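Enquirer: This is what each chain is made of:
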Amino acid sequence: MKLEIENVSKTYRGNVEALRSFRLELGPGVLGLLGPNGAGKSTLMRILATITRPTAGRVLWNGTDIKHDPDTLRAVLGYLPQDFGIYPNLSALEFLGYLAAVKGLDAAGARKRIGELVELVNLAEVARRPLGGFSGGMRQRVGIAQALLNDPQLLIVDEPTAGLDPEERVRFRNLLSELSGERIVILSTHIVSDVEAVAADIALIAQGELVVHGFPEALLAGVNGKVWEVVVPSGELAALQQRHLVSSTAHRSDGVHARVVADAAPRPGARALEPTLEDAYLAALAARRNGAAAEAAV
Amino acid sequence: MKAFRVVYAIARADFLERVRRYSYLITLLFAVYLGYAAGTGRISLRLGDYRGLYTSAWIGAMVSLVATTFVSLVGFYIVKNAVDRDRQTRVGEILAGTPLSRVSYLLGKFLSNFAVLVSMVAVLALAAVAMQLLAAEDRTFHAWALLSPFLFLALPAMAMTAAMALLFETFSFLRGGFGNVLWFFVWCFGLTLPVATGRPQFDPTGIWLIHESMVPAARAGIPGYVDSFSLTMADKSVRVATGFHWNGVEWTTGIVGLRLAWTAAAFALVLCGAWFFDRFDPASVRRRSRARPRLREAAAPAGAGPESAKARPHVVTSTHLTPLASGALQAGAWPLLVAELKLALKGYRWWWYAVAGGLLIAQFAAPLDVSRGPLLAAAWIWPILVWSALGTREARFGAEQLVFSCPRILRRQFPAAWIAGVLVAALTGLGAAVRLALAGQRAGLMAWAVGVLFIPSLALALGVWSGTSKFFEGLYTVLWYVGPINRAPGFDFTGSANGPQAGRFALLYLCVAATLVAAALLRRARQLQGT
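For the record, the sequence lines run as chains A and B.
Following this note's numbering, the numbering of the first sequence begins with 1 at its first residue and continues without gaps.
Following this note's numbering, the numbering of the second sequence begins with 1001 at its first residue and continues without gaps.
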């Protein structure tokens, strides 16, 4: 089972480049695709889900170019788009039944699968009610269920936890971990904690380009010994943020406790901290921005 | 002053959003086509078998009537999405959270609707100028005689159309397909109003005004003239009445005042709409639903009520999904066809099915001519909203990404959706088919079968290509009215009015149906290839 993304580019009307020569090769497991808003994550997801065609490059599913033969991938694909609609007059059971039929599931298999899925996403109590009355989080859970209908080999979920309450988020993360065994799961998000919880592999995307791809440990190793906690008076926080990358702050009685990513201790008394994936993510983005700025200056 | 700025900002944004879409270009092309049709005689103003010389007055009157009639009919469907767009794009919810008043919002939308329609009228006015220059039947150009009918007839009619489109959008029951169908009858009613009431002031399009002005001149200038006056699309030959001299409508204060009154009425309709406008409050729709208590529970935020407490998740660490059996994903076409049929028929109330059932039973019970005539016509207008969803449902509900990422859409889902539409037509008109079969009328039965194929084909093609159900709802209603109801030969896709030529027309409709399906398939294939 292999998904190869070979130099994929996507340019929209008006010469807007959403993806630039993006390369990635994936095997079974969960890939966390991280990136800021507008980085090109959703464009990449749509290309992988055969919704959008790349302007250049190709995507191979087990060696088959999905541009020429999209059904090969569609047959084994589970896709949860970032923004999707539902048919408001159908109940969750009916909607899932409809999509099961479209995906080619036989009636008996579909009934059993849908029954399990509505339990799994915690919608059994409301599964017979019209979707038009569902809250955003409940619709999202219907979306998650439909993505799993055909027991997909490739599961693409774009911002899946948007609209879910904290408990449902945890539930979904656990579900992804359980599902990841013999399939490729691509989890696109800008919520680092979601990726931290489930992804064995991380790709960082910014401005349509792949910035980093590797294991979380490798990313963390990059900022090992570079994360500090400093305590500054509130009035000095802005100056600190101008000089250094501050990943988080907390106001305490003795001042502002700032988490700083820097090669050396940013000021006397700084305490070294264990880095998190969020630190590594922000550091990688900052390094890319600084690199781009330096290039522009040259 | 601030209120004016707000109205202007709403109107400007809406207008820009519209004119920057390709569909606006098609709108203008439609206006160009109307101008061309008028210029080449495909649409003509007739006084019996005659027409007037192409003077400025004649051309101004004729082309402005084309605008007030055709543009008001079609223009309604074009502009009836100003509020809906804000609903679909969810901009409406943002606006609802601002101090923007209902009146300001709707006035802005009204002005945008009006501007779009006026741009179509402007194209027609230019076409009128070109027509006089190119036809060169009368080389004397009178700008006022040519353009004043656009000013006094077309613009108030466009204001009424813009306001009606907006008014329909403010009532939830007129917002969708029912409103689109109803508009055709409202439009017909508007045309006949001055004749039906005998009051010339009830003349929103101004057609009666032109009639009243022209007929005396025709009586004086055309020998044997018997008050016939029509704006037609017929290809029948027409003679030029050389003795007929007409200098245009004399725009008296009373007439101008009346036309201004129609413009004022348009503003009044907008204000009336503001009274009913829900200001994007989804609860206003749900309040009318019988399932209110259940829906409210379902829509409540997590943790907000007893229902959600019942559905409260316990965080699970293991999942219980049974792997699919091998071959489970190789289901035949039947489950999908059933699913498409259920989807097509879902969401209608019991009385909808009762009426459809009643019409079906009546087809079995009534005399054959009534069964295949008015009853079949009624049975085949009733499910119009079922058919109009074909090809548009995915886009309308934003489910394209979910559906189009499934395998074999063109080979499975697309034909299943079409066949579901065919089955709806066949089931609702089954009584007439059985009666025709029992009477041994093979030609009639063939025409019926072709009608069954033609209706969903037209719906699917228009839906897939336009992305909206409006065009099918508008066009099909017109076709249904002209054909099965008014029994115009050739237009009756049910075949009952086509007489001895029923077989020939059936073959023609079969070819059209096949072409429409092919066109829809082509477009859907393009959509599946992505952008």
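Watch out, some of these pointers could steer you wrong.
Stated by the list, open to error - Here's a subset of chain A near chain B, in silico, CB distances under 10 Å, partners left out:
{"hint": "1", "residue": "L179"}
{"hint": "2", "residue": "A238"}
{"hint": "3", "residue": "Q241"}
As the list claims (entries may be wrong) - Think about it this way: if two alpha-carbon atoms lie no more than 25 Å apart in a straight line, the pair counts; the simulated BS3-like pairs of lysine-lysine are:
{"hint": "4", "chain 1": "B", "residue 1": "K1342", "chain 2": "A", "residue 2": "K112"}
{"hint": "5", "chain 1": "A", "residue 1": "K112", "chain 2": "A", "residue 2": "K67"}
{"hint": "6", "chain 1": "A", "residue 1": "K112", "chain 2": "B", "residue 2": "K1002"}
Quick caveat, the hints were computed from the structure, so don't treat them as lab data.
Keep in mind that this is a model prediction, so the values were computed, not measured.
Just so you know, even glycine gets a beta-carbon here, dropped at the ideal spot from N, CA and C.
Enquirer: Taking the hints in turn, state whether each one holds.
Expert: Do the hints match the structure? See the list:
Among the interface hints, the one on L179/A holds; its C-beta lies about 7 Å from the nearest C-beta in chain B, closer than the 10 Å criterion. Of the supplied interface hints, the one on A238/A is violated, with its beta-carbon coming no nearer than about 31 Å to a beta-carbon of chain B, more than 10 Å. For Q241/A, the suggested interface contact is broken, since its CB lies about 31 Å from the closest CB of chain B, more than 10 Å. For the suggested pair K1342/B and K112/A, the alpha carbons sit about 20 Å apart, so the restraint of at most 25 Å is met.
Under the criterion of a C-alpha separation no larger than 25 Å, the hint pairing K112/A with K67/A is inconsistent with the structure, at around 33 Å. Straight-line distance between C-alpha atoms of K112/A and K1002/B comes to about 61 Å, which puts the hinted pair past the 25 Å bound.
Hint violations for this structure: numbers 2, 3, 5 and 6, all remaining hints satisfied.
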